[in-house]
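J.: Make a model of the complete structure from these sequences and hints.
Chain residues, written in single-letter form:
Number of protein chains: 2
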Amino acid sequence: MLYDKSPPQPPEDFKILKYEELLSFVKSIFVKLGVPEEDAFIVADNLVTADLRGIDSHGVARLRRYVDGLRKGAVKARPNIRVVSEGPSFALVDGDSGLGQVVGNFSMKLAIRKAKESGIGFVTTRMSNHYGIAGYYAMMALEHDMIGVSMTNSRPLVAHTGALGKWLGTNPIALAAPTKVPPPLVIDMATSVAPIGKMEEYSRLGKKAPLGWGIDSEGNLCDDPDKIMKEGALLPLGGLGELMGGHKGYGLALLVELFTSVLSGAAMLRDVGQTEAPKPANVGHFFMAIDVSRFMPLDEFKDRIEKLRAELKNAPLHPQFDRIWVHGEKSYLTSMKRMKEGVPIYKKVFEEMRNIAMELGISFPWE
Amino acid sequence: MLYDKSPPQPPEDFKILKYEELLSFVKSIFVKLGVPEEDAFIVADNLVTADLRGIDSHGVARLRRYVDGLRKGAVKARPNIRVVSEGPSFALVDGDSGLGQVVGNFSMKLAIRKAKESGIGFVTTRMSNHYGIAGYYAMMALEHDMIGVSMTNSRPLVAHTGALGKWLGTNPIALAAPTKVPPPLVIDMATSVAPIGKMEEYSRLGKKAPLGWGIDSEGNLCDDPDKIMKEGALLPLGGLGELMGGHKGYGLALLVELFTSVLSGAAMLRDVGQTEAPKPANVGHFFMAIDVSRFMPLDEFKDRIEKLRAELKNAPLHPQFDRIWVHGEKSYLTSMKRMKEGVPIYKKVFEEMRNIAMELGISFPWE
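Protein sequences, first through last, are from chains V and Y.
Residue numbering for the first sequence is 0 to 366, as defined by numbering that gives the first Met the number 0.
Residue numbering for the second sequence is 0 to 366, as defined by numbering that gives the first Met the number 0.
Fair warning: there could be bad hints in the mix.
As the list claims (entries may be wrong) - In silico lysine-lysine, DSS-like type, Cα no more than 30 Å apart, as pairs: (1) Lys115/Y / Lys312/V; (2) Lys312/Y / Lys226/V; (3) Lys115/Y / Lys115/V; (4) Lys165/V / Lys312/Y; (5) Lys336/Y / Lys312/V; (6) Lys229/Y / Lys312/V; (7) Lys108/V / Lys115/Y; (8) Lys229/V / Lys197/V; (9) Lys306/V / Lys229/Y.
It should be emphasised that the hints constitute simulated quantities derived from the structure, not laboratory data.
T.: Okay, here's the thing in structure tokens:
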């Protein structure tokens, strides 16, 4: 089955690029900016994985921010990432303002190593930057047959229940679990009703946003994505007020803030900086790895996940839907399609990539 | 400030009982049913804490189910709770069909002990029963200056995105964190739009439920709480479909299912039994304790929580609200009020308590 969770619309506004060429071009940008070869690959793999999985807002569309952050020195190309404190199952990491992907990779690997040794790895990380899609780190656990968890705080975008303005980040929660047959179970969700990327997409297409995604500066529900982003705020999952559970989305964002920033010493709420700002963003992350085999034989665990998935998928279908999805399927199918047919890149993003190549004096493979 | 998050309505339908008398009466029920003195106190404390905190659906209103479960033998008064496997930071517990509160208390204590020794305690539990409010176990970490987490799966009540009927439980997530001044930060939320207790309350009051909380048997949004509960299903946080993030609430319920049942060997989805059924419910729980002092000095952590809370509370007020709440405040204020003025108990629940006392031949302190 070929499926694209975020099909290019309108098609003529997109270039279709080969996955391998995109990966290698993105890597060359970071190498040119002084990032060690291995780290540059990690960043490129993280960004292009987002594009492959149909989370276009977190892929190469964000290259400019990373490039500017590195050039301004707020993001360090060669950080001195260090473990501040640790035990058999936990660690606190200081990312020294490295690229979020590099710091995240270091931290998740540490969580996996600790889980190999002791069953559980619990790592909280400060002094990092925007780390791309949260699911990337959770999925790193899969090849070790572990459950992976990752969360991050982020620049303020969300109004908590009862408040006006941007205070909390979209603070995503990601979880990945190994399965018997692909795709793995992958949950990767912002704790706001809609992620900021969706809002950017609606703005780009000149479309009105669904009422309930955000508010304007006075707190009214608003369908103008630009107004929401500039003057207003996104709403927490559950929406405005408490009637439909908005305080729950607010609570989830707080939970993420607790594990990623309160506990690590990272910036909280409005103190979280932007990648391209002159001062360090001091973003906080959280990572956990769980060695399934300490709890039950791996095969039994995978059988149980498959049973769970089959029961969910075989439930009677709601008449408004044509299919029941389980988390991870859409992104997996999208990445299969894009790996085969190419990755759609919005033309403005493509032009920005060309500009970056010119500025840095590196070759642009699509001319 | 005196506040009640769930004020008795209409007041004449309620009895106001003294906290201490209620606690001691509830304990006497379980002692009479063969539960050891110490365990009976745990169950009573858990149930009455729910009533104190204004989560009336999870308090003494559920006594009949526990009593019937014990009498039918599906719930064991003297279970042989055992640790199936463990490491320095994790454990798998088998609750031997004990009362959920007793099994939960055992498991969370174990998580706290492991966190004292190694920084982190991660415990997953099978063969348990309904354990009352999830927040109770998370809050057990507070007196040890730890962060506490608890989750549980539960009998099927929620239709996942795209499905008809009840499949997932309301699968709550709870987190508690120590603060400098009361109340502690306590998040305790079902991953459905509304908890089943709210639906029961609306049914009791003959009120229509807000559209968006549940669906009927054909998948239509429905405002009849009885129809939703009997023929239909609750909706996951984010509501029907994906537009407002219903797939996210579904994902959160799955995350809970993973930690509580898939990993522990407990019953999953529709296999989860009811407390009062003849066969064991095999409910699964999850507990985590995190020793804050391994990450930063405790005072610094508490200062950071207070800073976070102050910033959230001092945000500009949305015109539709008269106050900004941070999680844990409402339940704390309610418990202060009820501790002082008494606990409102719905008269039908009061009568049920009288019936139970008569059936068991124990004294009923309110006559």
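J.: So which hints don't hold here, by number, going up?
T.: 1 and 5
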